[in-house]
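Chains as they are written, first to last, in this note's numbering: chain U, 18 to 348; chain Z, 6 to 347.
Treat the hints loosely; a few may be bogus.
To be verified - To give an idea of the chain Z side of the interface with chain U (calculated C-beta under 7 Å), a few residues: (1) 238; (2) 245; (3) 246; (4) 256; (5) 259.
Stated by the list, open to error - Now the stretches of chain U that chain Z is said to cover, found in silico as 3 or more residues with beta-carbon under 8 Å: (6) 120-126; (7) 132-140; (8) 184-196; (9) 234-248.
Simulated from the structure, these hints should not be mistaken for laboratory data.
Please read all numbers here as calculations on a predicted model, not as lab measurements.
Where is the CB? At the ideal position from N, CA and C, for every residue including glycine.
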Amino acid sequence: MSDSEAALLEVRDLCVEFATQRGTVRAIDGLSFDSVAGEITGIVGESGCGKSTTALAIMGLLPEQGRVTRGDLRLQGTNLLALSPPALRGLRGPAMSMVFQDALAALDPTMRVGRQLMEPLTLHLGLSRRAAHERAIELLGRVGIPSPQLRVDSYPHEFSGGMRQRAMIAIALACSPRLLIADEPTTALDVTIQRQILELLLELRDETGAGIVLITHDVGVVAETCDQVIVMYAGREVESGPAEAVLTQPAHPYTRGLLACSLDLAHDRDRPLDAIPGMPPDLLSLPDGCPYEPRCPDAGPACRQMPSMVKVSGLHQAACWRVTESDPAHG
Amino acid sequence: MKLDPASTHDPVANPANLANPASEDPPITNELPVPTPPHSLWGDARRTFFRNRMGVFGLVVAVLVLLIAITAPWIAPYGYAEQDWNAIRQGPSAAHWMGTDAVGRDLFSRVLMGIRTAVLMGFVVSLATVVIGVLAGSLGPLLGGRVDALVVWIMDGLLNFPAFWLAAFVAVITKPAVATLAQPMYEATGWAMFENTLVFDYLVVFLCLSLVWWAPLGRLVRGQVLTLREQEFILAQRAIGASPWWITTRHLAPNVLGQVIVQVSTGIGTLMLAESALSFLGIGIQPPGASLGNLIYTGMTSWRAEPHLVLMPGLTLSVIILAFVFIGDALSDALNPRVRDR
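Extracted from the complex, chain Z is given alone in its bound form (with noise of 0.2 Å):
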């Protein structure tokens, strides 16, 4: 209900009331009109969001590159490591839609399958990354002393390395080790996954990404806590009478959130860069694993005579990867509470 001024008692507004009190008005009631919805925080954000073309834009790529990685292995033409000798080095055509490479592999299923292994990688390690980060970056300061010291120290030091060479250093690392334990896992237990290297190169990515990679989300946590701590609101919430662990998960957490949410969503892109340059460099998913790295990697040597083979999978990394970005962009205006234009 909007105030029409004419009709107000407001002698400012409306001169008329002033001169004649006794006017055959209403009389006035305490009643106030009613209150719009509340907006609530996540709804503006939404509005925010959607306002946004680039942000839509890269909420639609993100949804279908999900989608594709969930149903890859189903809606792929071809399997993966499949080859067919009569068509090797193939340009685009209607069988093969993206050509194929040469030993004669469908390149359209293997995007698909790259597709599937950078989300696998980008969201598995995401997650990892936050319950590490957002645990060190609010335990730190919440149990102070020699443990905020120490968070503190392991995440400079962290910081102190370029993250992409520090995470192919572990990787490089931890291979032989895990490939040395995997003969005795699978003699002890008879399990045949533990006979397939390319389980290992997941599992190599995903651990050296995820040991590196939670430093800044870990720092950003930290200096949101260390600041919100400070906040009367956190005194109000002790002074009736609440707990430390009621405070964390009740009003630091949710106040953290957002800016969490925009590093994150951010950083996916960046993290499946991260393990297509890993594959790239043949420390990440080997063939006949398929990574769009790798994809690549492997085009890269006939890219005079195939162009097709690099240009196929560096094009859907760049898109993907940009529409993460965007995606990282929108939600950072729409949650952060000092853009407020609405």
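Next up, chain U with everything else stripped away, as it sits in the complex (with noise of 0.2 Å):
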């Protein structure tokens, strides 16, 4: 990750546990990434790999029993994780938001869309209630809901899925952030809503130059938006770099594993979907080395050590031990 251009969001080693009957639990271990204004990061892995903990870290939302243990969160240089829940609230809104994957759930039922979208607008820009209003009905237009002068009076439940995503990106785009978290944002809907929310998060990008994180497990959804992309696994990230790099020539074979996975009908028809054996280990009892290590088709005896991230070329890392001794060029 490159330091010439100035970071909007700089995750420096965050480390997340959280305390369960069982234990503690160490969600994200030694995290960094860089997210840069105007640019789409995406961060991939599989269900429970702390994608969503690193998300709710960053908005300072972790759960009661989840505590930031290590690292640092810089957004705009502002270290988020000294900051008192006042002072963070200010910010969440006008400089940080988050789209949520159910938008359904994420909207309150009993609340008119448009009442929604006002309370930001309200809340941190002191806007009267007709300026809001009329602000309200822009962002809706803006994302691309239509006639949105009569829907901004519907409820939730009177939109469709790809609609209330909509609507939610609008809430969370209404103080302009500078960063945009969006956790899963196409998730929960079918296929051809799903390219529309993320072109218009792309044109959203383009037009505002607000950084966007994109959190997904759906290595296609990368490929179509992410400038970079960073891949985690059990907590760890385990590569990351430029979208291109990392997807055409990948290093980590987990990364190679999930690019398997995914569909090509073009192609594909015949042949039988790709699975990755085994399960993702339970973060209570972690494997002393390379936490894929137990799934990974090319492990070796030097797997039982941790590895670290290391180049591969340019800004693309990877944690492997393969990456090192298959290419010695590159060590």
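Could you use the hints to bring the two separately framed chains together as a complex?
Pasting the structure below:
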């Protein structure tokens, strides 16, 4: 990750732990990345690998049992971890904001969509009711909801899935945040709507210049939208770099596995669907070495030791012993 | 505006369009049909409520009862304590619609005043239980820790006793205390209010019912708040920088409100019954004060000879309680988001 561009969000060596009844779980272990304004940073991985926890940690919305135990989170240079709760509340909305996976659950069922859109506007920008209402209509139109002046008074249950997700994005964008975190924004939608929402995100990135962190388990989504990508496994980053490099020349066996699992309907119609054998490890009893070692087809004796991120090429990095072994030129 | 299948450009609905794409139909535009006016939560609830005949019956009776309660002193043909020694133990007649009692008081006037007492208690105590219950139920989870534990402990304690007997117990205990307090108060202020034992009766009933009756409501609110708090829209609210107070007043409260309304409207009838029962047992409103309960009680002594003395207040009480039960039922259908067939 370059230092030449001023990073909007800097995540350094982030560790998050959860206190559970069976012991302390390290949900994120040593995650570092930068998000640059006007770029989409993808975080990919299986369920439970720490993607959503990363989002909540950045927003300061970890559940009570969760705690950032190490590391640094800086948004435009401000140390987010040192802020008081009210100061952090002041940043949520105007500086950073979040789109959730299930828009129906994330919208208040008893409140009209327009009023929910007006809330951040009155809360942070101090707009009058009338001005906020005007702006709400404008925002709904901006995210592509037809006849926004009529729709502004609808309730969430009257919206279709895609419209709800658009409304959710409009709420997140209401105060023009510099950083937008989208946690699986397309997972609950069908494929055509998925594409529309992704296109909307791309448009908004170009238009607002905001930095977007896109969390997904779908490699296809990353390929279509992301500028850079971080692959996570069992709470650790295993590969990161420019999306193109990571997706075309994956260096980590896990990334290769993920790519093999995705389908290409043009060519793969008769091929049985690939799957990575085994299960992600229990975060309570991680192996000492590489967490992927038990499932890895290329594992060797070296993998009993924890690998660290090494350069593959340019900004492309991976945490795998094989990278240095197989390609000493890049060592 | 309804979509006419014949005019759509959907080839599935209208194969003619597929066969002849360059037909003379107007060009496809992005214009969508105008959405129907939005259904509001309360609008939907109102429609469902008024479709329920029992609910409407209950509402009509309740409004009537409320009007009677407010205007009772003026519409009653006689004073509620006024005695006519020439008309003792009379059956219903043109002069006395529900007859008279053993000391010549007009029963109709007393029933009207009894309704006034029941409504006063029903509404005032309901209001008190809503205030206590909602505060306890929402502040507990909000503040957490010891406050929550204490609230739960008190609620469980109250819920472990039959509410009515606990209220009776509180009434019996507090009555002498209120009475002893009243004498010095009267001497200090000189206000006639502190000499009127009827005022104590009201105060004691009000106090004992309010202290006991809030527990189920508190538990309901607490459970709702605990569930709602884990919902994603609360997290989403925090993600746009909303404070706990903002979330509680704007998002938790409206989501709990429906359930509270249902519980309270059903509870009003029960509260009126409790007041009557306390008065029936002689620890509530005492004669000459009029309560449906003490009317039934005094009537019981001569029910063979004058059944109307029991029947009239008894029927009145039953109808009122039924009305509130119907309202509660209809509201619970109307405000329950899971029962939606509309």
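Structure-based check of each hint:
1. The restraint placing residue 238(Z) at the interface with chain U holds, with a minimum CB-CB distance near 5 Å, inside the 7 Å limit.
2. For residue 245(Z), the suggested interface contact is upheld, since its CB lies about 4 Å from the closest CB of chain U, less than 7 Å.
3. Taken as an interface hint, residue 246(Z) checks out: its beta carbon lies about 4 Å from the nearest beta carbon of chain U, inside 7 Å.
4. With its C-beta approaching chain U no nearer than about 5 Å, residue 256(Z) sits inside the 7 Å limit, and its interface hint holds.
5. Interface hint at residue 259(Z): satisfied, since its Cβ lies 5 Å from the closest Cβ of chain U, which is below the 7 Å cut-off.
6. Under a criterion of three residues with beta carbons nearer than 8 Å to beta carbons of chain Z, the stated coverage of the segment 120-126 of chain U is upheld, 5 such residues being counted.
7. Only residues whose beta carbon comes within less than 8 Å of a beta carbon in chain Z count, and the segment 132-140 of chain U has 3; three or more means the coverage holds.
8. Check on the segment 184-196 of chain U: 5 of its residues sit with their Cβ under 8 Å from a Cβ of chain Z, so the three-residue criterion for coverage holds.
9. Interface restraint, the segment 234-248 of chain U with chain Z: violated (0 residues with C-beta to C-beta distance below 8 Å; minimum three).
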